[in-house]
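A.B. asks: Going down the list, the sequences are from chains A and B. So the first sequence is numbered by this note's numbering: it starts at 1362 and just counts up by one. So the second sequence is numbered by this note's numbering: it starts at 2 and just counts up by one.
Simulated from the structure, these hints should not be mistaken for lab results. Some hints here could point you the wrong way.
Okay, the calculated bits of chain B under chain A, using three or more residues with CB under 8 Å as the criterion [unchecked claim]:
#1 488-494
#2 774-783
Interface residues of chain B toward chain A, partial, derived using beta-carbon atoms under 7 Å [claimed, not checked]:
#3 I482
#4 E765
#5 A771
#6 M855
#7 L856
We put the CB at the ideal spot given by N, CA and C, even for glycine.
If you want the building blocks of each chain, they are given just below.
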Amino acid sequence: MPYAMSQADRRPAEVPLVSSRVAAGTEPRVSGGLVSSWELRRRYGEGEAAVDALDGITVTFPARRFAAIMGPSGSGKSTLMHILAGLDQPTSGTVTLDGVEITQLGDRELTELRRDHVGFIFQTFNLLPVLDAEENILLPLSIAGRRVDRDWFDTLVQTVGIADRLSHRPAELSGGQQQRVAVARALISRPSVVFADEPSGNLDSKSTDHVLGLLRQAVDEFEQTVVMVTHDAHAASFADRLLVLADGRIVHDGEAVSTEQTLDLMKALG
Amino acid sequence: MLRLVLRGFLQRKLRVGLTAVAVALGVALMAGTYILTDTINNSFGAIFQTASKGHDVVVTPKQTLGNEVLSQTSPIDEAMLAKVRATPGVAQASGSIFTPGTFLDTRGKRLTTGGAPAFIASTVPPRFESFKPVKGRFPRSSSELAIDEATAKRANLHLGQQMIVAGSAATGRYTIVGITKFGGGESFGGAGAALLVPAEAQRLLGEPGHFDQIDVAASPGITAQQLRARIRLELPSNVDVRTGAQQAKKNTSDLESNLSFLRTFLLVFAYVALVVGAFIIFNTFSITVAQRTREFGLLRTLGGSRVQLMRSVLYEGLMLGVLGAVLGLFAGIGVASALNQLFKSFGADLPNNGTVLQSRTIVVSLLVGIGVTVLAGLPPALRAMRVPPLAAMREGVQIPRRPLPTRKALIVRFVLGVLAVGILIAVGASGAGIALVIVLVLRAARLVVRLRRGEERPARRYRVVPALGHAIGSLVRWRGITGRLAEENSIREPGRTMVTAAALTVGLALVAFVAVLAAGTKATINQAVTRSFAGNLIIENSQSGNNEQGIPAAVAQRLRAVPGIASVTPIAFTVGRAKGSSNNSSITAIDPATFSSVYRIEWKQGSNATLGLLGDTGAVATKGYASSHHLRLGSTITLLTPTDRHTTVKIVGIASDNARLLGDLTISRSLAKSAFGQREDALDFVTYARGASNAQVQPAVDRLLAAAFPQARSRTATQFKADQAGQINTLLTLIYVLLALSVIVSLFGIVNTLILSIYERTRELGMMRAIGTSRRQIRQMIRYESVITALIGGVLGLVIGVVGAVLVTSLTLSDSGFVQAIPVGTLAVLLVVAALAGVIAAQLPARRAARLDMLRAISGE
Ligand SMILES: Nc1ncnc2c1ncn2[C@@H]1O[C@H](COP(=O)(O)OP(=O)(O)OP(=O)(O)O)[C@@H](O)[C@H]1O
Ligand SMILES: [Mg+2]
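Model the full structure from these sequences, guided by the hints.
C.D. replies: Following this line, the structure appears as structure tokens:
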């Protein structure tokens, strides 16, 4: 079994640890964005009751591309995303993000990796209620103690269209506005990759279009890499590529297609 | 239902534990207080029992003015003893002495330290003797002595060694011929006893032929009661005649009344801790009820009744109360011995023969512990009742505010209020009753205003907490996002923060109050001594802080012969009781010829020349006393003296005295001696001759004192002030230690609130971790939040304490020349303590928050 080998042995010696790069103070470049996994397995529980949420996933997400992951409930979408983003550890297999094998990293290094190289958009509870929109957007930079690139901030705020709501707290924003703030927050640190878990799950169709349009724009104009989990075929149609998961395996991997074609595909896959 | 509550209990072990401890600490101090005082009481009871063994009848001086008066000439003399012996039915009678003294080694070093008392006892015939020699024998000659075992051990004394004993008049050097033990083997606490032959004991006391007590044994065939009656008829009214049993009982009950002061003193701190605990229980229950709104809503949709919901919360309170009270009761046993150690370290070593756990202690502790918990949990329980079924369906449904009460409800409340006040006053808690009346009146007034205007109940608005939160938050804001978030989170639920902080406020307000009071008292003493005392030295008993022991009257005489000393004026303290009054008046006895040259009297009426009029019939009254007793120049007042005599004095002057050296009345020393039986002095004021330097004179004085009056010492005004400050500081420290318990209880409150808040913010914390917040930053954020909460409590506490103390002292004490002083340093330290308390309280919650399972947090588990 290849992945039974000591994983430390397999890490390329020239790949620097994230932390050392952060220490050097070099701004991470968007262009390097690339995530790949190899034979990922994630098992929950033991013995009879064990569930393989991921059952050998090998996948690569090239830079500056927008990928959508679909699949029935319980198929392992969130689990995959969490492991790719360094939020969870696989039972076996490896993940490389931006040239770093993150399955090797400890908690501190993973934290710094997420802080500097990963952007997140969740379905709900995305913002801190005690901070206003501007502070929420700047949160990743505040956490890292980094200076704000005002031009970049202004560009983002203009793009997501909440310039006039910056001093509002989340409770004073609509769901769509909140999610747009979340998009801006995910992009503010120019991460290598943005992960979004059902970003439109709680939004009406108009807001969905707005938010998905923003993600599209992030890829096209800001050269971001986006990986999105969704149940919504319409949302998936904004992507470049469509992956379908079932029972912890990839059962489809191809170009993204129109909403109707996606629906048909899903039906065909059962 | 009960099973459901129990299960919930087990699931929330940590919170239940923390909340229970909040109750338990207060209960522990309460139980500990009862156990300690009962134990002391019991120990003394046993000691008195042993001491009265073999005594059928006991004759003692009548203590007309209470047992606080010592140092008076005893009316019991040889003639009286002869009369007793001559009474038919007396088998044996002997006089004895038991009086405070001072023990020193041959180099003049004190053998008893701190506040531990030492007694001079005379040997008595074997049937009356309650001491037993464990080594050697009882003294037989005037150069021999037997010392108690505890003192011998402590001071490393052995048979054949020599030691010095100083009485109120004289000093003697003795060879130790015996080591003794008290009859039943009871510990005497820290007290020591030196046994001397009677004549020698009398010599030290300066009372040849006088005794403190006559012990009488009855002949066979006559009961103690009968003999007592016979002796009573023979003796004058200035002595009391009791049976041995009566005497033991009286001693015990005298002690009981002294102890009850200690008990009340300690209980106050227990109640403070319980009030703080109640805050915490209230807060914890309020938060959990709010957090369980959905669950309650669900229960309601499933058909659960309002009352069932309320009951489930109340049951939880009840069980928590039981748990806390039982924990507290057991902890109380430990607290009792800790308190004993505490007092020991402050120099009060009390006898402790076996822990006494009375059923009263158990009942009161359980009742109070459970009662406080259930009462504090009642408002949240009532709130739970108002959860609408709708809450199950929707996120963030608020529990509706209570509607304005109906007329019927108002009447019921009024009746309940009156009942509560009645009960409180009936059980003697009139202070609490009055407080309740004030609260009720205020609430009623607010209600009336609102009913008039027909207003809806407005949403509660918090101003203080957010303002303080932001102000204090600015201290941590520079730390970046963690500080900023801590600031915002701390005022997110202002009501919750308020109650959490209030728990700390209570403790710190009291600490600040006491600190300001103490600083003012010290400043007042300093100022008074500086202004009033014009002499160079003060001679006092070296057992400072012990007002019971004075210095021999002969000291003044001998000092006058020391080169460089111009004058010595002795001062003595005694008491008298004005006719028709039930309180003692304090009396200062002075030497009219020399006093005014050393001490500046602020005359209201009269002048220094007035002192010349004192003679044996004159008195100077202090202003307050004169006005309360309607005394004017020339009026007379008749006083009952400690020797059970009446003496009438005429007011010759009226003075005010901020230094409080002058008692209610000031008389001449010769009158004190003749009418009040005063045999000792309290102080000598020494003035140097022109040109004499302290560097020369004080050592000479000290040499004389060491050689002839080892129990006395000299203090300069500066040293004297420092001594006084030291005594205040000792008391202050004791109070701080006791109040610390309340502060600790409030710490648990902060911990609890933080844990519950973190639980609420699980998803937020998960999100923050997901986007790259480090564990350290999370911990830091929680710690800052805790510090801000603690400082809100601390600042409020200090402000309330300082303002309260300044108000109280300026309202009640300004007439008597109280000097206000704000101990800025102490207050600053208190703020630091509050901040530290916050840091400590944050430890556990911060760790929990940092360890939080990120995935479960963001996937909304
Ligand atoms: N903490 C856990 N413990 C045990 N099993 C888990 C845990 N988390 C996920 N699983 C299981 O792993 C499988 C995949 O879960 P995952 O959350 O990745 O599904 P998903 O595709 O995101 O589903 P959905 O569309 O409902 O969000 C499921 O069978 C789930 O029950
Ligand atoms: Mg999912």
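A.B. asks: Does each hint fit the structure? Answer for all of them.
C.D. replies: Hint check:
1. 488-494: Check passed, 3 qualifying residues.
2. 774-783: holds (count 4)
3. I482: At 4 Å from the nearest chain A Cβ, I482(B) passes the 7 Å test, so the hint holds.
4. E765: holds, 6 Å
5. A771: Result: holds, 5 Å to nearest chain A Cβ.
6. M855: With Cβ-Cβ at 6 Å, under 7 Å, it holds.
7. L856: holds, 6 Å
In this structure, every one of the numbered hints holds.
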